[in-house]
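**Q** Here are the chains, one letter per residue:
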Amino acid sequence: DTGVSQNPRHKITKRGQNVTFRCDPISEHNRLYWYRQTLGQGPEFLTYFQNEAQLEKSRLLSDRFSAERPKGSFSTLEIQRTEQGDSAMYLCASTNAGVSGANVLTFGAGSRLTVL
Amino acid sequence: AQSVAQPEDQVNVAEGNPLTVKCTYSVSGNPYLFWYVQYPNRGLQFLLKYITGDNLVKGSYGFEAEFNKSQTSFHLKKPSALVSDSALYFCAGDKLVFGAGTILRVKS
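Chains as they are written, first to last, in my numbering: chain E, 1 to 116; chain F, 1 to 108.
Isolated chain E (complex conformation):
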C-alpha cells in the first residue's frame, strides 16, 4: 500500500460539464475525507465517510456536488454542471477513526480541476 491515491491528477473541463474524481485510501483506513483547496487558502472540509456512511457534509457542498463510498473502500466526488468557481485542488485524505479529532490524516496528492 503506497498511500492515498487520487485520479485524475489534473482535469480541464468546460463550464457546464460533469467531472468525477476518484480516491483510493489506505486500505485499512475506515474514514475518508474530501477537502477543497484554492490558491492561498488552507484545505476546506467538504465531507467525510466512516466506512460507506457519509457522516457529515459541509455547507460548501452544494447540490451539484455528490460523494460516494459504496463499499467502504474507494470514494468518488462528482461535480455536475461545473462552474468556474469550482476550479480548485480537491484533496482526499484517510485515517482510522479513534478519539474524536485526534486522528492523523494521510493525504493524497490531490486532483486539480480547471473549469474554462
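Honestly, the hints are just simulated from the structure, not real lab data. All C-beta atoms, glycine included, are put in the ideal place defined by N, C-alpha and C. Honestly, I wouldn't trust all of these hints.
As the list claims (entries may be wrong) - Stretch-level coverage of chain F by chain E, calculated; a stretch enters the list once three of its residues show a Cβ under 8 Å from a Cβ in chain E: (1) 41 to 54; (2) 95 to 108.
To be verified - Here are the simulated EDC-like pairs of lysine to aspartate or glutamate, each with C-alpha atoms no more than 20 Å apart in a straight line: (3) E/14 <-> E/86; (4) F/95 <-> E/52; (5) F/95 <-> E/86; (6) F/95 <-> E/56; (7) F/22 <-> F/85.
Claimed, not checked - Among the chain E residues that face chain F by a calculated CB cut under 7 Å, a handful are: (8) 43; (9) 104; (10) 108.
Once you have looked at the hints, place chain F on chain E.
**A** Quick look at chain F alone, frame taken from chain E:
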C-alpha cells in the same frame, strides 16, 4: 466549534537560524491541534499533534511545537532551519479545520 489562525502569510529565515511559524486557536474545552507541511505537487504531510500532556510536542524532521493555553497558541519551531524546510505549513484543529497556511522560505 474550533478555528485556527496563522497570522503570517510568509516567514523568511536564514539557513541555520531558528524558525517559528505561528498559530493561534479558538476553541471551547481542550483542543486537538496539528501541524502539516505541503511541498509543491505533493500531498499534505503530518508533522506533529497535540492532544494532551506535555506542552512541548516533538515531531518529524526535527520540528517541535509548544502548546500555550494562556496565549491560545501552538507555534511550530525548529532550532536550525534547512533550505529543504522551505514549504507551505498548515496549522489544523479539531475536525481538521485548517489555517490559511504560512509559506516558509529558508535562504542559504
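**Q** Hints first: check each against the structure and report whether it holds.
**A** Hint by hint, here is what the structure shows:
| no. | hint | in the structure |
| --- | --- | --- |
| 1 | 41 to 54 | holds (count 8) |
| 2 | 95 to 108 | holds (count 7) |
| 3 | E/14 <-> E/86 | holds, 11 Å |
| 4 | F/95 <-> E/52 | holds, 19 Å |
| 5 | F/95 <-> E/86 | violated, 23 Å |
| 6 | F/95 <-> E/56 | holds, 11 Å |
| 7 | F/22 <-> F/85 | holds, 15 Å |
| 8 | 43 | holds, 5 Å |
| 9 | 104 | holds, 5 Å |
| 10 | 108 | holds, 5 Å |
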